[in-house]
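Build out the structure end to end from the sequences listed, making use of the hints.
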Amino acid sequence: AQSVTQPDIHITVSEGASLELRCNYSYGATPYLFWYVQSPGQGLQLLLKYFSGDTLVQGIKGFEAEFKRSQSSFNLRKPSVHWSDAAEYFCAVGAGNQGGKLIFGQGTELSVKP
Amino acid sequence: DTGVSQNPRHKITKRGQNVTFRCDPISEHNRLYWYRQTLGQGPEFLTYFQNEAQLEKSRLLSDRFSAERPKGSFSTLEIQRTEQGDSAMYLCASLSIGPNYGYTFGSGTRLTVV
Numbered sequence: 001a002q003s004v005t006q007p008d009i010h011i012t013v014s015e016g017a018s019l020e021l022r023c024n025y026s027y028g029a030t031p032y033l034f035w036y037v038q039s040p041g042q043g044l045q046l047l048l049k050y051f052s053g054d055t056l057v058q059g060i061k062g063f064e065a066e067f068k069r070s071q072s073s074f075n076l077r078k079p080s081v082h083w084s085d086a087a088e089y090f091c092a093v094g095a096g097n098q099g100g101k102l103i104f105g106q107g108t109e110l111s112v113k114p
Numbered sequence: 001d002t003g004v005s006q007n008p009r010h011k012i013t014k015r016g017q018n019v020t021f022r023c024d025p026i027s028e029h030n031r032l033y034w035y036r037q038t039l040g041q042g043p044e045f046l047t048y049f050q051n052e053a054q055l056e057k058s059r060l061l062s063d064r065f066s067a068e069r070p071k072g073s074f075s076t077l078e079i080q081r082t083e084q085g086d087s088a089m090y091l092c093a094s095l096s097i098g099p100n101y102g103y104t105f106g107s108g109t110r111l112t113v114v
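If you're matching them up, the sequences are chains A and B in order. Sequential numbering from 1 applies to the first sequence in our numbering. Sequential numbering from 1 applies to the second sequence in our numbering.
These are computed hints drawn from the structure, not numbers from a lab. Incorrect hints may have been included.
Below are the SDA-like pairs computed for lysine to any residue, each with C-alpha atoms no more than 20 Å apart in a straight line [to be verified]: (1) K49/A with H29/B; (2) K57/B with D86/B; (3) K49/A with G98/B; (4) K49/A with Y101/B; (5) K49/A with R31/B; (6) K11/B with G100/A; (7) K57/B with S3/A; (8) K57/B with K49/A.
What the simulated footprint calls covered on chain B by chain A, stretch by stretch (three residues with Cβ under 8 Å from a Cβ of chain A suffice, anywhere in the stretch; the number is not a length) [claimed, not checked]: (9) 43 to 51; (10) 102 to 109.
All residues carry an ideal CB built from backbone N, CA and C; glycine is no exception.
This is the structure:
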């Protein structure tokens, strides 16, 4: 069965420090992978996505993610965190044929210390 | 194009009452998805439509839940005889297939059953 694991429920980093949020997936075929961010009481905003090609993908707000097939991982990174990055981050995998449902991890809450 | 619109934003209802939520997707997107998100969890897939056809339903969608998408435009999600366990954020998304492949989420409807 398809699944997504985000091992870190909560991470705290200092403003200006680098960030890495972990995501591991289980999926039988080539996955469609996504990272979303959610502020309290809001919907999900797409940060970046990977379908094929270059395994390092760039997204909005200075985020990037690297697809590693051998590790079944799609970790999200940012070189320098800003206080406004504090939010909940979700990794998701596209299951089934193109256009099927997304399966989400349980999320990682990011807190930023001044 | 104003994105995916969901109404109402918040709904408080008494246990046992019926509620209905509406989702207006991006007009050119023919696939529409419903998810449920409880506190501290990632969104869980409920169902999705291609045009007016309901293509998949999760086992989470009990007999008390029904979704429709008449004419392949907006969609409604109805919950009959609400229970406290139905309290959650209900998210709608629509899918763009093509060069800008991706799911766009609405801001959600927060349901509180008292």
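To see whether the hints hold, each was checked on the structure:
no.	hint	verdict
1	K49/A with H29/B	holds, 18 Å
2	K57/B with D86/B	holds, 17 Å
3	K49/A with G98/B	holds, 14 Å
4	K49/A with Y101/B	holds, 9 Å
5	K49/A with R31/B	holds, 18 Å
6	K11/B with G100/A	violated, 29 Å
7	K57/B with S3/A	holds, 18 Å
8	K57/B with K49/A	violated, 25 Å
9	43 to 51	holds (count 5)
10	102 to 109	holds (count 7)
In the structure shown, a violation is registered for the earlier hints numbered 6, 8, in ascending order.
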